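Undergrad: So you can see what is in the structure, the chains are spelled out below.
There are 6 protein chains.
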Amino acid sequence: MTSARDSVLVISAHAGDFVWRAGGAIALTTSRGGRAMVVCLSYGERGESARAWREGKNLQEIKAIRRAEAEAAADILGAEIRFLDAGDYPLLESQELVDQLVHVYRETEPTLVLTHTLVDPYNGDHPAAARMAIQARILAQAVGYEAPGAPLGAPPVFSFEPHQSEMSQFHPDVLLDITDVFEIKRKAMESLPAQQHMWSYYTDLATRRGVQVKRNAGPNLGISDGTKGEAYMRHYPHVTDRLN
Amino acid sequence: MTSARDSVLVISAHAGDFVWRAGGAIALTTSRGGRAMVVCLSYGERGESARAWREGKNLQEIKAIRRAEAEAAADILGAEIRFLDAGDYPLLESQELVDQLVHVYRETEPTLVLTHTLVDPYNGDHPAAARMAIQARILAQAVGYEAPGAPLGAPPVFSFEPHQSEMSQFHPDVLLDITDVFEIKRKAMESLPAQQHMWSYYTDLATRRGVQVKRNAGPNLGISDGTKGEAYMRHYPHVTDRLN
Amino acid sequence: MTSARDSVLVISAHAGDFVWRAGGAIALTTSRGGRAMVVCLSYGERGESARAWREGKNLQEIKAIRRAEAEAAADILGAEIRFLDAGDYPLLESQELVDQLVHVYRETEPTLVLTHTLVDPYNGDHPAAARMAIQARILAQAVGYEAPGAPLGAPPVFSFEPHQSEMSQFHPDVLLDITDVFEIKRKAMESLPAQQHMWSYYTDLATRRGVQVKRNAGPNLGISDGTKGEAYMRHYPHVTDRLN
Amino acid sequence: MTSARDSVLVISAHAGDFVWRAGGAIALTTSRGGRAMVVCLSYGERGESARAWREGKNLQEIKAIRRAEAEAAADILGAEIRFLDAGDYPLLESQELVDQLVHVYRETEPTLVLTHTLVDPYNGDHPAAARMAIQARILAQAVGYEAPGAPLGAPPVFSFEPHQSEMSQFHPDVLLDITDVFEIKRKAMESLPAQQHMWSYYTDLATRRGVQVKRNAGPNLGISDGTKGEAYMRHYPHVTDRLN
Amino acid sequence: MTSARDSVLVISAHAGDFVWRAGGAIALTTSRGGRAMVVCLSYGERGESARAWREGKNLQEIKAIRRAEAEAAADILGAEIRFLDAGDYPLLESQELVDQLVHVYRETEPTLVLTHTLVDPYNGDHPAAARMAIQARILAQAVGYEAPGAPLGAPPVFSFEPHQSEMSQFHPDVLLDITDVFEIKRKAMESLPAQQHMWSYYTDLATRRGVQVKRNAGPNLGISDGTKGEAYMRHYPHVTDRLN
Amino acid sequence: MTSARDSVLVISAHAGDFVWRAGGAIALTTSRGGRAMVVCLSYGERGESARAWREGKNLQEIKAIRRAEAEAAADILGAEIRFLDAGDYPLLESQELVDQLVHVYRETEPTLVLTHTLVDPYNGDHPAAARMAIQARILAQAVGYEAPGAPLGAPPVFSFEPHQSEMSQFHPDVLLDITDVFEIKRKAMESLPAQQHMWSYYTDLATRRGVQVKRNAGPNLGISDGTKGEAYMRHYPHVTDRLN
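Protein chains in written order, with the working numbering: chain A, 4 to 247; chain B, 4 to 247; chain C, 4 to 247; chain D, 4 to 247; chain E, 4 to 247; chain F, 4 to 247.
Bound-form chain A, shown alone (with noise of 0.2 Å):
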């Protein structure tokens, strides 16, 4: 059902999160027409950049690497990219950053949310961004509530795949077919050269998931052996008018 006029909202704690974890949707939406905007809460500059503090590296300088490469990343994945630049670790919540949020949510009228797990207990910066980006959708649809724009509709919401899937309680509700754009996935992931490892762990991962697409795919589908996938697990009802 992805148009023209579909737009894709990811909400992430961190600069990179968008990339690993919902690099194939975003290219899905943004290679059929539709729109991304990526908002990263912060820029990871504290929790996810131990390479570079560890090369002394102070603070400023950490921030501006961290937003390049998300640029460039999201430049790649055809999508627009916001650094509300919150701080992390922790990642405080507050309702100035979730009326934020709210403006957000009014300006581009997703039509699909993309965020953190509710539950993550290796990292409480992706459970507070997963609040705040539910809270601030729930405000948005308020007639009452004041910001730019009209009352948001009900876009969906999911989460994308944590890091330790069991250890945050997440099922997969939902596994994405992302074969037709994962070059273009593996493209962004090499433009964040600090995490060379992860590209390989992100590919294998999306093999792995492509794996139990043809698993659970009904007979209708033709999938073929090279299938790559990524996870989610949805927050709300599929509304739909097919099964499958």
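It should be emphasised that the hints constitute simulated quantities derived from the structure, not laboratory data. Accuracy of the hints is not assured; some may be wrong.
Intra- or inter-copy, both count: the list cannot distinguish identical chains.
[Said to hold, decoys possible] The calculated lysine to aspartate or glutamate pairs, modelled on EDC-like cross-linking and capped at a C-alpha distance of 16 Å, are:
1. K60 - E149
2. K217 - D244
3. K190 - E74
As the structure is a computational prediction, the values presented were derived from the model and not from experiment.
Let chain A serve as the given structure and place chains B, C, D, E and F on it in line with the hints.
TA: Showing chains B, C, D, E and F alone in chain A's frame:
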């Protein structure tokens, strides 16, 4: 993604279940040129025919009545129907019955399977039917299982809505918009005269699930006020190449 | 075990909630000579007044309208009502608000507490209200907490039914037979003219829960066809000296 | 709501279970003029008679000993008792056994059913007994099920407390105040001389559950320091016309 | 694998908790030459000092009493102890408090962390303490987090046993054999004279958990009749090179 | 705590499972002088031998091939192996089969038991094997159960990792460091030539679980970059006298 090749297989414990709980999904499939096969493991002659017993009918009479009613309803929905006459209250699980289901799977090559929930504290036949439906699907996929026809693909399986959803651990993963075929479902319900109070019950339920269709639908969908819905719970991950 | 000393405390996020969701429990208590106190944390002025906003009313007008309606409904149910005017969408949790609730607990000495569910993916204000209701109950029990009155006993706490029960992890632990007071609840609902579509929605819900009352009642109870019910979820174990 | 018409049916896997785990509920019922029927599916001759085996007793001797002890305990509690002698370790589920239970249901018309938990990783006989108790209750409700007597109403079902509650997913939904009859339960326990260490274990448990009775009781109840309790888990919603 | 380098960090909401719930684990560590550090976020001056308030003591007096008692108990257990005096009932979460905990983590380099459960419907301070303990552990691991000392490793985290285990979703993942140090724990308990009824309560609990130690231990372990135990719940997977 | 007396019992549905899923645990035990016994309930002749069927082999040939392969792999791992030849797809539960397992338990006196998960929506044989493994363990503990040998102690039971962990409710309670024996496991895998694609799949999995070993290990353990791991889920509480 429904096409003329679509084939829905409905496996239910008793005659009648398929009308109330899955009539919309069946009619959507057949109205689009797909095939629907309903398998009734029993007639519901003991557990779901209280009125007939109270009227003094005997076992054979009750079976005949329920069979005729179910055939009429299937006809309206455009579905084929088979009766395995395995008895109800209790519906006893057996390897013979599972084997019969494997044969049906191999013969009909369903692209979609609908059955009961795996939990139902009010009716032991429902989970028994669901367990056999799922076991047979797994067996039918094995090359080494001896039954005519080719090994099955991996059709998605859904539970349709039980009577007391919260008590049966039913989670509405999918809300199916059945507005376009609701009149057909209503007619099929009306061909079951012994349970007239169910007509309005299931019309009301369709309206309530329709309200949730609207409440959960993204802005992409033009949903009207008279929307009717059916709720389903997925057993396996949804394989797709589009998240919305 | 209700007696003239009974005192039900209802803590709700918005004005109106107490009528739709707990009107029967309130009327049962007051009709038997007990006391009912309703605390509305907000008027629901932003999130639950879409029509008024669309009609061009301003914030103060909307608050006044909703206050008047809620007072009229409380009057019909025989309940006292207080408004804390803490704002909605979002209802922000604060220690000041919790402290106000502690004072209400100490003052009213409830024998029964009704509030929202702790999970509601469609409305963040509901869980926020429930969390504060429960925290205040714990604090009010402590001798060392500074507030007028004696330390609280341990009144049972129930969640009333949310809009989308399965999505809010609502489990109907208790089905309350409200047949005897349903006409009073209906009148209270009719005093909320802006939400006329809710009158029939909640009448239907009462009928459905009434059917479950009959389906789950033991042979001891003489349950008639017109039975009406409300569903509740317990937070703490039920203390009793009789299992049925 | 207990009255002279009350009838509690206890379905347990082994002789003895009903004393330790439900003796208080039984004594409360009979002390108020109600009827109690205990059905022991087996004597616990293999799995719960380690001492007797070690002493060199043979199978028939062990069965006779346990039968006599259970009869003595039932007598003290004022309960009738039946032994189905279906064997233990393992207690095998069968349709014949379920049918026997249906006959007991139809004959005794219980207003309350007590049985084991559906989960117990330490003892497979306990869940087997619980599954049969619940299946038989459903069958006994069906007009079309052939057994003497009228179709059953819908008596509430409770699981009594297993040995390792957290491992058996036991949730104490109800804390029963058994203070008034605890001396009777104690005497019944003392009629089981082979398991003398259990006397103090279950007296201590009654004290601990009694402390929780006090900790969870609202201000309405006058609970003394010597309160004794038993914990139960509900299978179906509680139907009532009073929340407290 | 405990060695002289072992360092256990106990983070508890109130003074006293560490004795009742984790005294055995602490004594085991120190008796083997390891280090134990207890951090009390508050003195439990409001919520856990009912007797002192009833005796008319004021806030400063109560804090002093509880501090002295906790220091005496820590001394017996061979543990260091610190008091953050953050207030209780409610214990308010703050980033300042979390930051203090990060400093403690970096300073003590724990190889083991013990804290409360994340759920406790009877006491909001317990989950608040657990959430802060876990958040601080994550932050202390980040190179980029500014605090003295090296980034933390990933010490395992356990919840000790809450008062009402089933209600707090406590699952006994680990049963710790504390037989060898139980006399030390008992002495530490006896240094808290205001709560004398707890001495026998926690001695009985140690006996019951000891029975479960025997019931769950493989044949490898020589477990005696007087075995004492403490139960713990793991937050992260157990890393080991031996399954038994 | 592994010693020369250690004895691991692996109960698996099909030949081959023990190599992919538990080869590391087996090799760790035998490399330290312990004993390993593998029981294959079937050869996996129907459900896990698709290639052989497609090549036109008959049932007896397929059984012989799989038996030879499994024996070769067991030999490399230093394990004994037995085949019960109970058939697969479906593996039917029977009391005879459980009794055979009781005999194995009594004979081998395992100190550790490894089997499948109790949930697996893709393969009904796996839960069937796990249920029988657990039932037999309980029966073998009973003095009164007639089988040669002494009543069993209570060896810990673990589920090894299923194919689709999140769908099978698999929670990685234990991460086993198998680095030291990984080369042996790899060789054992290579003795199963028909499933060459599994060699790299399970090598990759071992690497991924190895990364989690490092991510979850406390500072005590010297974990290198090439760490390999296997994940396990515990059925019973871990009994120990050291928390780390």
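Undergrad: Each hint: holds or not?
TA: Each hint, compared with the structure:
| no. | hint | in the structure |
| --- | --- | --- |
| 1 | K60 - E149 | between (41 Å within a copy, 14 Å between copies) |
| 2 | K217 - D244 | between (23 Å within a copy, 12 Å between copies) |
| 3 | K190 - E74 | within (13 Å within a copy, 46 Å between copies) |
In summary, the structure agrees with every hint in the numbered list given earlier.
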